[in-house]
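Chemist: All chains, please: the whole structure from these sequences, using the hints.
Residue 128 in the UniProt record's numbering sits at position 128 of the sequence shown, with consecutive numbering throughout.
Since the hints were derived computationally from the structure, they do not count as laboratory data.
Just so you know, these numbers come straight off a predicted model, no measurement behind them.
It is possible that part of the hints are untrue.
Straight-line distance between alpha carbons at most 20 Å, and here's what the computed SDA-like set of lysine to any residue pairs gives [stated by the list, open to error]:
1. 53 - 73
2. 74 - 54
3. 143 - 159
4. 138 - 127
5. 274 - 194
6. 143 - 132
7. 274 - 215
8. 114 - 70
9. 70 - 81
Derived Cβ-Cβ restraints for the label pairs, each shown as a range [what the hints assert, rightly or not]:
10. 111 - 64: 20 to 28 Å
11. 25 - 279: 30 to 38 Å
12. 134 - 171: 51 to 59 Å
13. 284 - 215: 21 to 29 Å
14. 208 - 138: 30 to 38 Å
15. 25 - 281: 24 to 32 Å
16. 25 - 111: 18 to 26 Å
17. 25 - 77: 20 to 28 Å
18. 141 - 30: 57 to 65 Å
19. 111 - 27: 16 to 24 Å
20. 80 - 24: 47 to 55 Å
Ideal Cβ placement from N, Cα and C applies to all residues, glycine included.
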Amino acid sequence: MLHIILILIISLIIIKFFFLCKSPSLSNLQGKNVIITGASTGIGEEMAYICAKNGANIVIASRRKTLLDKVASKCKNISPNQPIKVITCDLKHEKDCEKLINLSIEFFNEINDKPEIDMLILNHAMTLFEHMDFNNPKLMVEKLRDITMSNLIGFATLSHLTIPYMISDSNQKEFKSIIVLSSLMSTISLGMSWAYSTSKAAINSYFTSLNEELEYQELQNQIKITLCHLGSINTITMRSHTDKYFPKLLVDYMVLNVEVTAKSILQSGLNGQKELWYPSYGILLRYAYGIFPGIMRKIGFWIQKYLIKN
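Modeler: Structure follows, in structure tokens:
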């Protein structure tokens, strides 16, 4: 019976990813008002370049102004006439979330008399990969709180502040997009990823519920939420952790190209997909955990004990 279920799942995945999914042209970004958080490096940085190349009006946000300015400068080189705004903020704080949305709306209104947000890309994240210190419970709680405030509460706050600027009284033909970057680590949790995995699992649950609420309030044709479950991407942040704990040869084989990843994320948002699994085999791991939880946990324990460097 389990073999039949697995065959059906694999068949559905193959049909979905290779025959049913149409990749919209990135030129559809032309003229859209886009906010990208965590845009100073990595996937956010690459998405900023793609948006600039395809004519979007961009707000890029991060805590690190120097790096943001460099990204903005490169965007200007790519598309000299395309408007771009840099906003420095720490999105674990509610006031900074409000600042980002308010300044973005002012910017969009100034450049095209359109105080609307077409696409919000929630990409910023705090990461933590370390074993728990049972002798210091207060510190463990503080670390969990910090990551939760940034990764979950920051995402939720920004989505609620943005939605009013996505709802239209007119019969708009095009939908608005909220693209949420999650992780396979929400499903495949190792002990040392406890805080990060917890925050990403909470993000999955929250935005799945938000999607249901949009449908309940009959807003699903106006706003589409795309939840992106990502594997190991070849970014500076990811390599700073993977290179520390895993053999380099294995990491080089595992990590995925950041530019290709960024394009896939933007295309999934433009397509209005509810979920993106990248790489696509990640969904198999999700079902494997559901069908064989004991075996998958043992594999996770084996990886942590024998494969990860001390």
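Chemist: Which hints from the list above does the structure break, by number from lowest to highest?
Modeler: Checked against the structure, the hints that fail are numbers 3, 5, 8, 11, 18, 20, while the rest are satisfied.
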